[in-house]
Amino acid sequence: MIPAVVPYLVAFGLAWAPVVSLGFPWTLLLLLFPAGWLAGVIRSSPPALTLGLYGLVGLAAWAAISGAFLPGLAAMATGLVAWDAAGLSLWLRRAGEVQDRAQIWQGLLLRSCSLASIGAALALAFAPLELALPFWALVILLLAVWTALAVLPRVINSRRSSDGDPDCNRTV
Amino acid sequence: MDGNYKVATELGLLALVLVTGLILTNPAVLLLALPIVLHVTLGLVLCDQGRELLVRRSLSAHRIYEGDRLAVELVVHKPGDGPDLVLISEETELAGHAIEGSASLAKRILAGETLVASYAARPLRGFYPLENARLCARDLLGFVTWEGDFPCPTPLWVLPRYERVGRVMLAPRRTLSLPGAARSRRGGVGVQFFATRPYVAGDDLRRLNWRALARRGKLVVNLYEEERAAEVTVVLDGRDRVYQIPNGREIFDQAVRACAALCDSAIRDGHRTGLLLYGERLEWVPAGSGRMQSERIVQGLARAGLGSSEAFADLGSLPTRLFPGGSSVIIVSAFAPGDEQALGMLRARGYDVLALVPHITLSHKAEQTPSGLAERLLALEREVMLQVLMSAGVRVSVWDVNTPLASLVKTAWRRRL
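Those protein sequence lines, which keep their order, are chains A and B. With my numbering as the guide, the letters of the first sequence map in order to residues 1 to 172. With my numbering as the guide, the letters of the second sequence map in order to residues 1 to 417.
Among these hints, one or two may not hold up.
[Said to hold, decoys possible] Label pairs and their in silico Cβ distance ranges: (1) A:Arg93 with B:Pro79: 23 to 33 Å; (2) B:Pro79 with A:Ala132: 54 to 64 Å; (3) B:Pro151 with A:Ala125: 22 to 32 Å; (4) A:Leu122 with B:Thr154: 43 to 53 Å; (5) B:Pro79 with A:Ser21: 16 to 26 Å; (6) B:Asp240 with A:Glu97: 31 to 41 Å; (7) B:Glu93 with A:Ser21: 58 to 68 Å; (8) A:Ala17 with B:Glu93: 46 to 56 Å; (9) A:Ile2 with B:Arg241: 33 to 43 Å; (10) A:Leu92 with B:Asp68: 28 to 38 Å; (11) A:Leu9 with B:Tyr65: 53 to 63 Å; (12) B:Tyr65 with A:Leu110: 43 to 53 Å; (13) B:Gly96 with A:Ile2: 40 to 50 Å.
[To be verified] Heads up, incomplete: computed chain A residues facing chain B, CB under 10 Å, no partners named: (14) Thr27; (15) Leu31; (16) Gly79; (17) Ile104; (18) Ala127.
If you are wondering where the hints come from, they were derived from the structure by calculation, not from laboratory data. Treat the numbers as computed from the prediction; the structure is a model and nothing was measured. Note that CB positions come from ideal geometry on N, CA and C, so glycine has one too.
Looking at chain B on its own, in the form it has when it is part of the complex:
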């Protein structure tokens, strides 16, 4: 009940009693107005009009991984005059994930006292700006009430929890002049045999091919394939319609985690790695390397969500100008019919394209139901599409999200091409 409402109600009541008493000229009724008069006037005089409160929010961490426990503390301090009763509440998305304690607490505080509301939460992946804390206050009788948002910005990042995967073998047409883990298709310093050439003065004698010398009687040296850094772009497909499948939301979350794992692997291998979120709009993390880049990418992935837009309805609108020519592009998507053309075009333009298709394998029991049959048909349709992709030269891996991604990377993408 608002303070103004209360005052207005009592004044209205007072008016009614006074007017009735005067019209009836009844002193008994007029005397009944006295308790109301005193209630309103003394109530307003006695209430504290001050509004000075200090609000602070503290978090146990500003950067956590999904599934981690976060402790939140909201503190209200009343340094001097102020309202008698204070209600502090966290009216953000974070409060919805509370697992312990209460995100809304009321207490009577005197001058110099402090109100502490603490709770624990297990928030979902995302970015929580946590700009304000909601505060409601009133005097004891409720003649003065107010509420407002107190700014206490404490941004929180809940990053995707990802597994560490091994090296993804990349074979882009162009590489950078920096050491890395991608095949450069040129002889030099490395470990993998690449070719042989006639010996020239100054060559390292340890590289002599003794078998060739024995067979041909000429000095021949071994060349090894140079391993260099490459430009890698990881594309996360966030189009709504692609995930309109059973457990679509869970599959998308796993796709986000897979993206984080692949980016981490690429950065660890020394590649310049960028991220493109493709869905409702484009979100682009330009290519880079190092720890800061890793952080930028996981922060980008933390905010990734599903969405739809007319402009990005199919993969044909992928902004290829953002991908350096001849670089590697890793696309993580559940894919929809028609996407094979866009990926084929990418491959035709000379990109090294890898596609990771997350999915959940249906149990045998689920397959027997009518919806299970429909899902099997969809799966067959997708399988045909993936066959088309593979024949176009795209390296496709289907990943059951209930199995570790690391084992898939090890078996499917670790092989030398």
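If we strip away everything but chain A, and leave its shape as in the complex, we get:
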């Protein structure tokens, strides 16, 4: 449970600190997100975890808009690690016994942290870049994103032929 909660709390702290410093008293209400995340991990509830992730990303975006881009980016990367860790935590809970638990967590954190770091590093690398886009280019870009997001799930699903059923149902 600890690997699923600690990264989230760190990410939330990173995103929340710049927002709180803006001086809105109701930002204290945002503390409900970590509480929801904790409840999601304890009660094995994916919807609660999803809500927690969306809340965290929203907060990171707000921090980025408010000028704290680096804390926002760090919060986003750490949040993705927490999301992976929570998924594994939920999955492992189904097992009566887990062999080499430490090795499994080590493997997950290594892979997840690498991906998040690469993403964050790439974002940092692109940060100084300045592009001036006209309005019509923005509209086309928006449509392209829309189309890509509509097509991508189908492509992924076709790659994974039958999610839910093992293909090689062989026994010795």
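Dock chain B against chain A, hints included.
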């Protein structure tokens, strides 16, 4: 969390961030989408899509007696590409009887590695087909998850544990032309005196009755009762309502064991023995003899359970056409009011009927409670019913299941009739 759910959540998140960034025309927000894009795409690229796994289940024995310890081993082998994490679990009734180890194990396995989940169980009586093993797998990040049942049929019989009882003396009207242990009511080769008749040339001189010769001055020979094999049907009453008494389930289990012991005794005595399970439905093991028949009967009894049906609510629906005319019928039941008529009818049709009534004697303390009083009344009612049965010629034995059945058989059913 399902793989599809995870991908959909991240794509949704990506869409929200991108749309917000584009609407606000804020490059900082758009840049926040980059870690998500990389997380989804690289996560899907790096995960192993292979699903080739070999699953095997092995049992320490395929045929055990209730109370025996059974060792179970579930083995998953990953020969090549495949998921990173595998969770094997035994989602059968057998896992509920585990006493050692775990019937559900997760491990990270690499190509060529094996996952072994072993546990020990003490299963209850019954037949366990154990057809599939449940397998859940995922890649490390959880983008690809799947689960399914892998066929690895390993049937298991947990047979009733029964005691060995002595000979049950049967007196059917008809016997078979095979040597056995049932009274045939005809003179011949045997050990028990049957009658005398005048000597005829060729008779064995060792059978001469010297006392009769001294008294009557005529040669007379002794005849002995021939012992032959008989057709025996053991009926196990599995009607729910009959066992709706205190400790009913335990009494039924003891009834099953008693049936197994009586069938074993009958087969050992050379009788052609059949079994009828009467309850929710009829289950019939046709009469036979020998070791295979013994196995068929205990397997039938292993599957015996309580049930109810309108058609077989009372013993009046016993399918008597399955019982050979004049044969012996042994009924093991706790009986309910009204059953005496059906048994009386059987007796009237010429069957040799034996009834074994399993019960648990209440302690003196329990008898003092209100429910104990009710149970005593029920016991009295049953006693009256048993008296009726005995007067109809049914050989009734009431068996306290806390005492050995062998001693009851020895005292009640071993006597010559």
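Taking the hints in turn, this is what the structure says about them:
Separation of arginine 93 (chain A) from proline 79 (chain B) is about 28 Å and conforms to the stated range, judged on CB atoms against 23 to 33 Å. For the pair proline 79 (chain B) and alanine 132 (chain A), the beta carbons lie near 56 Å from each other, so the given range of 54 to 64 Å is met. For the pair proline 151 (chain B) and alanine 125 (chain A), the beta carbons lie near 51 Å from each other, so the given range of 22 to 32 Å is not met. Between leucine 122 (chain A) and threonine 154 (chain B) the beta carbons are some 52 Å apart, a value that agrees with the proposed interval 43 to 53 Å.
Checked against the hint of 16 to 26 Å, the pair proline 79 (chain B) and serine 21 (chain A) fails, with Cβ atoms roughly 56 Å apart. Taking 31 to 41 Å as the suggested C-beta distance range, the pair aspartate 240 (chain B) and glutamate 97 (chain A) conforms, at roughly 39 Å. Distance hint for glutamate 93 (chain B) and serine 21 (chain A): a CB-CB separation of about 60 Å, consistent with the stated range 58 to 68 Å. Range check, alanine 17 (chain A) to glutamate 93 (chain B): about 54 Å between beta-carbon atoms, so the 46 to 56 Å window is met.
Range check, isoleucine 2 (chain A) to arginine 241 (chain B): Cβ separation about 55 Å, and the 33 to 43 Å hint is violated. Distance hint check for leucine 92 (chain A) and aspartate 68 (chain B): the Cβ-Cβ separation is about 33 Å, which falls inside the suggested range of 28 to 38 Å. Separation of leucine 9 (chain A) from tyrosine 65 (chain B) is about 56 Å and conforms to the stated range, judged on CB atoms against 53 to 63 Å. For tyrosine 65 (chain B) paired with leucine 110 (chain A), a C-beta distance near 51 Å keeps the hint of 43 to 53 Å intact.
Our hint of 40 to 50 Å for glycine 96 (chain B) and isoleucine 2 (chain A) is violated, since their Cβ atoms are close to 31 Å apart. Taking 10 Å as the C-beta cut-off, the interface hint given for threonine 27 (chain A) is violated, the closest approach to chain B being about 19 Å. The restraint placing leucine 31 (chain A) at the interface with chain B is violated, with a minimum CB-CB distance near 21 Å, outside the 10 Å limit. For glycine 79 (chain A), the suggested interface contact is upheld, since its CB lies about 9 Å from the closest CB of chain B, less than 10 Å.
Interface restraint check: isoleucine 104 (chain A) against chain B, minimum CB-CB distance 5 Å, threshold 10 Å, status holds. Taking 10 Å as the C-beta cut-off, the interface hint given for alanine 127 (chain A) holds, the closest approach to chain B being about 6 Å.
Comparing the model with each numbered hint stated earlier shows that hints 3, 5, 9, 13, 14 and 15 do not hold.
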